Amino acid sequence: MKFVTKLAALSLLVASFGFSNVANAKDSTKPIVIPIHNWSSQIVMAYVIGGIFESIGDNVEYVPADSQAVYESIRNGDVTISHEVWQSTFGKSFYNAMTKGGVIDAGTHAATTLEEMGVPTWVVEKGLCPGLPNWEALKSEECYKNFTTADSGGKGRWLEGPQSWHGDLMPERLKALGLDDKWTVKFAGGADALWTELASAKKEGRGTVVFNWTPNFTDAEGFTFIEFPAYTDGCRKADGGEGKCGSPKGWLKKAANYKFPKTHPHAYTIFSQLSFTTPQIGQMAALVDVDKMDHKDAAKQWLKDNEAIWKPWTQAGM
Amino acid sequence: MSSQAVDSTADEPVIRCESVYMIFGDNAHSMLQQANGVVDAAKFHEAGCIVGVNNASFEVYEGELLIIMGLSGSGKSTLMRCISRLNEATAGKIYIEGEDILAMNDKQLIELRRNKMGMVFQSFALLPHKTVLENIAFPLQVKGVSTQESMQRAKEMVDLVSLTGRENYFPRQLSGGQQQRVGIARSLAIEPDIWFLDEPFSALDPLIRKEMQDEFLRLQDVLGKTILFVTHDFDEALRLADRIAIMKDGIIEQLDTPANIVLNPATEYVRKFTEEVPREKVLKIKSVMDAFDPGEDFSDFDVQQDAIIETVAEAVLNAGKAVRVVDAAGETVGALHASHIVHVLFGGHTDHAAEKTS
Amino acid sequence: MIEALRQKKYLQFILLVIFFLILCVVITPSEGNWFWRLPPLIKELPLIINNGVDYVMFDWWLIDVWDPDIEEYEEKPLMNQFTRSASGVVLFMIEFVREIFLGGVKTIVTFTGWDWATENEWARWPALPWTVVAGGAAILGYALKGPRLALFVGFTFVYIAVFGQWEPSMETLSFVLIAAPMSVLLGLLLGIWAFRNKYVEMVLNPILNVMQIMPHFSYLVPVVVFFGIGDHAGAIATVIFATPPMVRLTILGLKKLSPEIAEAGLMSGCNNRQLLFKVLIPTARRDILIGVNQVIMSCLAMVVIASLIGAKGLGNNLLIALNQLRIGLALELGVCIVLIAIMLDRLSLAWADKQVDYFADLSFVERHKFSLMFGVVFIVGVLLALIGSLVFKEGFNYLYLIPHNKGITTQDFWQAGVDWVWDTFFYALKSFNEWFIVEVLVPVKSAYLAMPVAATFVLAMGIGYIVGGARVGLAVGGFLLFIALTEWWDRALITAYLMTLSVLISTFIGVVMGTLCAQNPVTTRIMLTICDTFQTFPSFIYLIPVMMLFGVTDTSVLIAIVVYATVPATRYTIQGLLSVPPQLHEAGSMSGVNRVQRYLAIELPMAFPHMALGINQTVVFALSMVIIGALIGTDDLGQLILKSLSDKDGVGNGLVLGLCVAFIGLAIDQVLRTWANQRKQALGLA
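Residue numbers (the working numbering), protein chains in the order written: chain A, 4 to 321; chain B, -7 to 350; chain C, 12 to 697.
Derived from the structure by calculation, the hints contain no laboratory data. Keep in mind it's a predicted model, so treat the numbers as computed, not measured. Please note that the accuracy of each hint is not assured.
Here are a few chain B residues that face chain C, going by a calculated C-beta distance under 8 Å [stated by the list, open to error]:
# : residue
1 : 105
2 : 106
3 : 111
4 : 117
Only pairs whose alpha carbons sit at most 27 Å apart, straight line, appear in this in silico DSS-like list of lysine-lysine [unchecked claim]:
#  : chain 1 : residue 1 : chain 2 : residue 2
5  : A       : 240       : A       : 178
6  : A       : 185       : C       : 441
7  : B       : 147       : C       : 156
8  : C       : 266       : B       : 99
9  : C       : 54        : A       : 95
10 : B       : 147       : C       : 289
Glycine included, every Cβ here is placed at the ideal spot set by N, Cα and C.
Hey, can you work out the whole structure from these sequences and the hints?
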């Protein structure tokens, strides 16, 4: 009996302690691990978010990670957050990890994204495919013959990202739209292959259809996305539809490890509220891509110039 | 190597082997048990076993130099490796200074090797990454002797084998003869009681070999170790040995003094070796001397009992009378007659053997 | 006729090819025809592996662990706890070395905790000024070898500092300084174990074979699942990649020793440990050092890949630079990687050759001259840094740490170079490229894909049988069967097509270059250095220029593979030719042969077994580059391995795909190795 009361007292003590702790909600001093991928806006934003966390006294650590494999790491707690989850490209990995458990959805940025096939704007201006950006233009021979390559067997070529990004989405779309006798899909190995293709096509003045997204550094040069039939829920082959649709205006989400709200309640509040717009992200990327700044310096610069934007978020968390 | 050791172990041989067998093969043990001590090499070979040593029994005494002689594949090196326990003998007993070496555990064995044994190898087996000095100091260092002390000792050994000035050379920078000097110095660094030499001079040019043999005799004169020496060179054996064990197919065909082997080969195999040997170059005076008879008329000079016949033959034959034979101390030990010499050298085989040396 | 067939191997080959062609014509391509394609019976294997790994990592042996962050008990699987602790140890070592160079707080945190370190802002480990590190390294080079090494080491560090790559380089260096010794140690231990126990060797051998050919991408996901993400994960993946050659060479070196060396050690009174570490290993040093060299090269070759799973440093920066198409910057980073590789290699060699003088009567100053020199460098470096902090009031203290990308740079120069190449060669290359794709690549690829599976088996197993008898034939068949039963046979055919072409080209270039360079010692040395360079130089860098010139096509993939895979072909050709005994040259000259005759009739046949091993290595290198090819864009196994990084069944997929690649290599390895050994025996070289 005595033992039981003691136990009860103890549990009460523990409970109250726990409760008081929640009330005081102080962030752990353990570092928040932010992943670094390999494109400019993501890296600068990593340092920007890191800087915001540091401004409230938290410790931050950066770790290079593969942009696909990172969700598994967040799930396991090796990485704390991911701040650029692109719907089309990383949606699958993100949801896979969420189903397995351990990853939470930490809200969405204001920026909308578009990930779609398109052409450099100069290709349109040069009239290599009259009628663009409407997809119907792809049907005509005077269009697709300008986009053939040696290994495309006389068809026009779409240079899609690696298969890991959207599987067979593009080949299926070609087929559904009845373009597959005129166009073929080639999977590139990575983003740098896409940029190289853009650069070399420009030098040569040759037409090219590549997968691309916005916001991206290519926006500055001018890039025209092809307008496919509008996206509706379930229109894709993989979702049981016919596949006759383009990409949706996508979201840009934030992901976090499930413990993050408990270990760093303040930082988590900031992170879940924080939201960047398309121009802001473009700004960050431009500091590096256009002004040739170092990523860290670019982040510092951005934080200095945009206190009005991020300071309120830190207040809100208090 | 104090004289005290000689006294205390006067009766106990330094090395004693009793029916040692070394048979290679997976089922060597069971086959040996079935064979009941009588091993037929050919039969064993059929069963996938190779007979290395077949029923070897002998002793080696303090300060003695026993040479194991045989052609390649005769099992001579195997026998030596059984005694140093580099090979585990399949059966038999081996005693080192009365201690059963086959019963020793690893620790005791290491102790034994660290303190009592030294070995020289045919291919020198020097450590290529260590200098002359480091190679020689190596046995001391593994024993745990301090660097300073072991280097000091190694330096002495370098001087002993006349390599002064080459301390910091690497083995690859030395000639074959010099490398073997290092090998010798290394094996002597811990002042072993028992010295194993496995064809130490076989890899050397004839001239160098002769030079090294002289060097070896000089060293042995100074050090007086108990030595087991393996060679395939009969001349070398005759030149150096106190006693020779001649091996064939793992069996010791004959074990005796050089003189007795030359004069009385025990088997046909041994005879083949001895046939070509010029006896005057091999035999010592003591093997042809007769008992001393004070009444005889002696010439006015003495000969040493250890002198090779060839070196004194002309003087003795010209003397016309008997010659007194003396030992190292100058004591008269026998008499030498010209007729006996002639008989031994040209007259075929004598029956009355020379005295044993041991 | 039958007798002739038994005697003449080429007749057997001709018959085999005829039979193969007949099969190709007779068998009709259709889904249900097992002679056309086997059903994917082991389709589920990746899933099984995946579930197995998931079970071990997440469900097996759950224990309650107090999580201080969320102040709750959490159920955690034992395995996970175990691997995370192991990761922690590796990570600590890396961070420790890193903070010696760059300063930081992690080491202090390890002993005090984050709370304490956050409260006490002063408790930060200061970085060494770069001048001190460079000077210290140069002194080390001087102490180990002499002024030339000192100069080279000093130059390396100054280059790194001046080009503003100090921070990433030190991050990479600290990572390599842990990964390389780990590989060496692990390789030595496994090698010794295998040397002492033939059963271990029997088990180890096939594992090593697979590990050496398996593309490193395929075990990235498993490493991440087991050990998490970060420098330690990179280090572990690197160790997996770099250890096999070390094990191999350790076994080889120990086996080559004469038994008398071991006996000499035993008779000197060595115990087991002394025998091993003081006698056997140092004596087998030559081969073991080649192993160390391989480890260092492999570690730096992995720098970029390792950054995909969290290794900081040059590799990561390189990837980022490439993504911005900043080839000049990437090139500078690549040069840093190569310089570090060569420097570490030379230092480790010098260390192994170090000699001690025992009798030199040294004064205190002489005995401690290197420590004293370092002391001086340290003080001067720190003083300079202090002066620097006064001089460079604003911005960066160039005498302390040259910040990232604030050094001088030659980027624009290289960029201009690339542009120039483009402008000059593009159109000429374009027509070649188109011809090559249309006339060579596309037809070959279609031919491969048009092979019925039965015909492929007959051909491969037949070659195995003719070369090495039933055993080799069956082994080859076994390897192919595994691939044929997965659902990736067609992908494997594409991999095989890329590999075959690149091996042919590489071998041709390698043999020609190797032969030319082996003619005199200077060119030989230059060529071997070039080989070292290309082996460590991150292949990613030349992907971009190659893609610029040849587009996202198989030509680019092929070129990327060839650049890398030519290295072993060249290296082994040179070594093979050098190993031809000089008496043979003399004998040839006395028979009155001219130079060409001598080469064709004497040197080439004698060097052939060696070169066959080179071709074998070329196959291995080509297969391991398949994945780099995937980064350009292919539709072979490589692309799928890349995809497995984001798969939810990534672990299983990656491993099984990796096995498929490895098995292609092993099948070829079986045939080539058997053949080379036969030739060796015939020539009396073995």
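Here's how the hints hold up against the structure:
About 4 Å separates the beta-carbon of residue 105 of chain B from the nearest beta-carbon of chain C, less than 8 Å, and the hint is met. Annotation: residue 106 of chain B was flagged as interfacial toward chain C, and the flag holds, the nearest CB pair being 3 Å apart, inside 8 Å. The beta carbon of residue 111 of chain B comes within 4 Å of a beta carbon in chain C, closer than 8 Å, and the hint placing it at the interface holds. The interface hint given for residue 117 of chain B holds, since its Cβ lies 4 Å from the closest Cβ of chain C, which is under the 8 Å cut-off.
Distance restraint check for residue 240 of chain A and residue 178 of chain A: the Cα-Cα separation of roughly 11 Å lies within the 27 Å cut-off, and the hinted pair is therefore satisfied. Among the hinted pairs, residue 185 of chain A with residue 441 of chain C is consistent with the structure: their alpha-carbon atoms are about 23 Å apart, no more than 27 Å. With a CA separation close to 26 Å, the supplied pair residue 147 of chain B and residue 156 of chain C stays within the 27 Å bound. Proximity of residue 266 of chain C to residue 99 of chain B is assessed by CA-CA distance (about 26 Å); at most 27 Å being required, the pair is judged to hold.
Proximity of residue 54 of chain C to residue 95 of chain A is assessed by CA-CA distance (about 22 Å); at most 27 Å being required, the pair is judged to hold. Between the alpha carbons of residue 147 of chain B and residue 289 of chain C the distance comes to roughly 21 Å, so the proposed pair stays at or under 27 Å and holds.
Against the hints set out earlier in the document, no violation occurs for any number.
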